[in-house]
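Participant: Use the sequences and the hints to build the structure in full.
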Amino acid sequence: METKEILKLESTALQIRRNILRLIKAGEAGHIGGALSSVEILTSLYFNILRTDPKNPGWKERDRFVLSAGHKCLVLYATLAEKGFFEKSILDTYGALDSKMPGHPNMHKLPGVETNTGALGHGLSIASGMALGFKIDKSSAKVFALMGDGELAEGSNWEAASAASMHKLDNLVVFVDRNRLQISGPTVEVMSYEPLDERWRAFGWGVRIIDGHNIETIIETVNQAPFEKGKPSVIIADTVKSKGISFAEARVDFHYWKSKPEEIELAERDFDNIEEQLKIKIKEAGI
Amino acid sequence: MINDMKDPRKTFGEAVVEAAEENGNVIVLSADSSSGSGLSDFSKKFPERHFEFGIMEQGIMGIASGLATTGKIPVFAAIAPFVTARPYEMFRNDLGYMNQNVKVVGRCVGLTYDQLGSTHHSIDDVAIIRTIPGVTILNPGDPVTIKKAVHAMIEHTGPCYLKIGSPKMPVIYPDNVEFKIGKGIVLTEGTDVVLIGTGTVLPKAVAAAKLLEEAGVSVRLIDMHTVKPIDRELVLSAAREIGRIVTVEEHYVAGGLGSIVAELCSEEYPAKMKMIGIGDFYASNGPYEELLDKYGLQPEKIKETVIRFLNQ
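So the protein lines, in turn, are chains D and L.
No gaps in the numbering here: position 7 of the first sequence is 1063 in the numbering used here, and each next residue is one more.
No gaps in the numbering here: position 160 of the second sequence is 1578 in the numbering used here, and each next residue is one more.
In short, the hints are calculated from the structure, not lab data.
The beta-carbon is built from N, C-alpha and C at its ideal position, and this holds for glycine as well.
Be aware that one or more of the hints could be misleading.
Said to hold, decoys possible - To be clear about the criterion: a stretch of chain L counts as covered by chain D if any three or more of its residues have a C-beta under 8 angstroms from a C-beta of chain D, and this derived list gives those stretches:
no., stretch
1, 1576–1585
2, 1610–1623
To be verified - Straight-line distance between alpha carbons at most 25 angstroms, and here's what the computed DSS-like set of lysine-lysine pairs gives:
no., chain 1, residue 1, chain 2, residue 2
3, D, 1191, L, 1424
4, D, 1081, D, 1314
5, L, 1462, D, 1224
6, L, 1462, D, 1194
What the hints assert, rightly or not - Only some residues are given here: those of chain L computed to face chain D with a beta carbon under 10 angstroms:
no., residue
7, 1469
8, 1487
9, 1517
Facilitator: What follows is the structure in structure tokens.
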């Protein structure tokens, strides 16, 4: 990929992080950790990979994105707003009565949201059904899903994993946001999923393990899917929970953040620093 | 022909084939359950529209939801508790909350899996599924209305739950009977008591009504084939005009047809009621007809309960 394009996407990712903070400011709380760990994944999807049209969210031929880990909704809202699915001012309603942005997404309330998730272990089945529907129609549309790593303990995921493989859904690409933390502590200590890559392979999937914060890697990996002919693909994305906010990074107590005004200020300063570094990179690249 | 005995699952399967011939979006999902659901002919006739998933009812609910987003009309039939109680959250979130056009069919409902015991009985399905907003619940009580219910649910846009029994059932209706979702059918007019039956025990209610007529009791007999949305006007006119209502269902008294009728009447037009169904316990096992008798659902027992109710 061209450096210019990568830097542009990194700038978008920063703006999405700022949108997430805007949501937190409005609602004074939210599931920040898993939202920030998957910013680069959603940036890559919505600003490079997915065929979508913000002006026509119901476009029949669009690619689909299923947020299985519905509590990461802040990153979805922040991304859809940045992409232009709706006015950014809606971000300021997070937490308000009848807001179009519940604490877990509702497709009937907000354009661009494809599924009502929140209860864990549902998204992979729904995404598999979409992919099967596209296969039946011989459509070239693809289906992408994002799962949390804590979510993998839900048994229903593995029902869907079997089904997607059995029905050869090679138009399905799933990200596991492996930030390695869940409410009670390190995920492998709460309920181990290791060896994760071998587990997916045993279920008949093509597997890649990548740095989930490297936009270029994410895009290049997705472009290689399906990784194996006739198989669904899973990308295990190694990430850092709460990525971008220094005092919250890799800390389990920031799975859900009840923010204090002074913490918001610190987070804004962190984002300002990221912006400064980006400017330097842009200058060095001579753009 | 009236009173002919027909297999409800076979009848259901025939109707799905008919619906699929008319509508190319109809597909069938199987949890190792199609052959037992009367859908073998469908799988032979439309192999490219029949999808096997094995025993994974939770997964299939979500898959059905995803398929519906692409315009398909998935029909998912399996043993009733395994498509209601087991994947309840998937039914609620993936079908109900997402308002997906998926048709879930619980077969071998009520006590029809007689010998197999409480894990396989489905006497709570109405109670749990009716709490999901927007889900239509159909419970036809004869082969003619089973067919009509299948066509109606395919034509209806939105999530549906259809209940089908297992033992052969008598034909109650002529082929031209009018079937509309949400509109109960008055089988006989009467003035002393209203008997409202639904589903597998509708024939028992029909027979009980005859016994009551012979005993000099005038019965308004209603077939409530749509449990949700309930036919409010039919229930309330019964409450207003007769004021004595007995419900008959092969289901827990808690949360089923009787509860629905009672909730409506208690708010709109209180009527004296008796709810015939199964109490707060796990039903026993044994021959089907004997189980129905044990729980007061055979015509003679229904008649006795109604007479006691009228004499109170």
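Participant: Each hint should be assessed against the structure and marked as holding or not.
Facilitator: To see whether the hints hold, each was checked on the structure:
For the stretch 1576–1585 of chain L, the stated coverage by chain D is not satisfied: 0 residues place a CB nearer than 8 angstroms to a CB of that chain, which falls below the threshold of 3. Using a Cβ-Cβ cut-off of 8 angstroms, 0 residues of the stretch 1610–1623 of chain L lie near chain D, which falls short of the minimum of three, so the contact claim is violated. Note on residue 1191 of chain D and residue 1424 of chain L: the hinted pairing is violated, with a Cα-Cα distance of about 38 angstroms set against a maximum of 25 angstroms. Distance hint between residue 1081 of chain D and residue 1314 of chain D is fulfilled; the C-alpha atoms sit about 10 angstroms from each other, no more than 25 angstroms.
As the CA atoms of residue 1462 of chain L and residue 1224 of chain D are separated by approximately 22 angstroms, the hinted pair is consistent with the 25 angstroms bound. Simply put, residue 1462 of chain L and residue 1194 of chain D have alpha-carbon atoms about 22 angstroms apart, close enough for the 25 angstroms limit, and the pair holds. Annotation: residue 1469 of chain L was flagged as interfacial toward chain D, and the flag holds, the nearest CB pair being 7 angstroms apart, inside 10 angstroms. The interface hint given for residue 1487 of chain L holds, since its Cβ lies 6 angstroms from the closest Cβ of chain D, which is under the 10 angstroms cut-off.
Nearest Cβ of chain D to the Cβ of residue 1517 of chain L: about 7 angstroms, under the 10 angstroms cut. The hint holds.
The structure shown violates the earlier hints numbered 1, 2 and 3.
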